[in-house]
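S.K.: Residue strings, one per chain:
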Amino acid sequence: MSVKLLAFAQAADVLGFRERGIDCEPEETPRAILARLAPALDPATLRVAVDCVYADWDAPVGTAAEIALIPPVSGG
Amino acid sequence: MSVKLLAFAQAADVLGFRERGIDCEPEETPRAILARLAPALDPATLRVAVDCVYADWDAPVGTAAEIALIPPVSGG
Amino acid sequence: METHIAFTKSVIVVPALALPSHEVGACVEFAGLVRETEHDRALAGLHYEAYEPMATRELARIFNELNAVHPCAAVVFIHRLGWVPVGEASLFVRVLSAHRGEALRFLATAIDRMKADVPIWKSVAARG
Amino acid sequence: METHIAFTKSVIVVPALALPSHEVGACVEFAGLVRETEHDRALAGLHYEAYEPMATRELARIFNELNAVHPCAAVVFIHRLGWVPVGEASLFVRVLSAHRGEALRFLATAIDRMKADVPIWKSVAARG
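Chains as they are written, first to last, in my numbering: chain W, 1 to 76; chain F, 1001 to 1076; chain Y, 2001 to 2128; chain G, 3001 to 3128.
Rather than coming from a laboratory, the hints here were simulated on the basis of the structure. Model, not experiment: these values are computed from the prediction. There's no promise every hint is true.
[Stated by the list, open to error] Listed next, the in silico DSS-like pairs over lysine-lysine satisfying Cα-Cα at most 30 Å (straight line):
id	chain 1	residue 1	chain 2	residue 2
1	W	4	G	3009
2	F	1004	Y	2115
3	G	3122	W	4
4	F	1004	Y	2009
5	G	3115	W	4
6	F	1004	Y	2122
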């Protein structure tokens, strides 16, 4: 299946992209996807959102359309 | 000496005036002045201000220019 | 702290925002509006009166005290007097500070203290 | 509770006050302004980015949760994105409620929650 991977703020700086289509399996977890595509990013320094909701790094992505890497937020 | 006596809100309703010049002695207290001029008003239901500062009902008015009867406030 | 205290018989006109410095990061504003019902009674408006010189003095004292605890850059306080129809503002307060915490605490406490101590009164009808 | 959430690339224009009912007695507004110094570093402005669909969803969820605890009549939330010069607002929030307590608590908690959980970021320079 194909999923859109979004990167924001420092995560985009490290990865060098803000959005990329990736292939993955429904049983794959965000942690595994990150390790495969962006080993430079430590999941302990980020949160992950799946289809616009904060998700567990270790929960399979299932039929998600969009996975986002969320560095510490700083709005306001 | 002559002092200006001001009445606000319910105090003005009871007294029927908002401002009146009165004669008093420096050693007279606000409590004594109220008892003399407005026995209908219970000092326990009011605060008194002397020259724009909250004062003790039992402190002599001294050289005050203005004594104000302050019912419970309700601004805002 | 810049302090501006005013009473007006007319509709409150919110003053243009003036920043005393580029260190101001928070602007908090409060408008108190006259509500249609108070104590289960339908109103067309409320009448406000104040002992203006004392109210100004008390407010300045309160603001100075609060500024020592919650340092702020500026406070603007405008209270309307006379008849205020339902839906219009009887009170406007603006507080500027570096960070939002101080301005929010200053504002909340200032209004509490005003309601306890500042000689301003509302009534359902105008007094003679 | 009426909820309005928006992001804009332009100067924030404060929307005219619209009262959902005559039971609204308190209007609290917050503007977050970009400060000249942050972490001892002089700035000309800040750059903001957001994950807009998720930020909107998170804000709506936070506002609904807060409304259950501090019932309010309306909330307006506008966050600017892109470059924001010093002295201009990056954030505007308005909360309307019957009494000031709810609106003040809603506002303070909403901003705290936004700063903890809503995917919006500031940086000293724009990102590629």
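S.K.: Does residue 1004 of chain F pair with residue 2122 of chain Y here, judged by a C-alpha cut-off of 30 Å?
M.R.: holds (23 Å)
S.K.: For the pair supplied as a hint, residue 4 of chain W and residue 3009 of chain G, confirm whether the alpha-carbon distance does not exceed 30 Å.
M.R.: Roughly 24 Å between the alpha carbons, so the hint for residue 4 of chain W and residue 3009 of chain G holds.
S.K.: Checking one constraint from the list: CA of residue 3122 of chain G to CA of residue 4 of chain W, max 30 Å. Satisfied?
M.R.: OK: residue 3122 of chain G and residue 4 of chain W at ~23 Å, within 30 Å.
S.K.: Below or equal to 30 Å on CA atoms is what counts here, so check residue 3115 of chain G against residue 4 of chain W.
M.R.: holds (26 Å)
S.K.: Does residue 2009 of chain Y lie within 30 Å of residue 1004 of chain F when you go C-alpha to C-alpha?
M.R.: holds (24 Å)
S.K.: Within 30 Å, alpha carbon to alpha carbon, are residue 1004 of chain F and residue 2115 of chain Y?
M.R.: With Cα atoms ~26 Å apart, residue 1004 of chain F and residue 2115 of chain Y stay inside 30 Å; holds.
When held up to the earlier numbered hints, the structure conflicts with none and fits them all.
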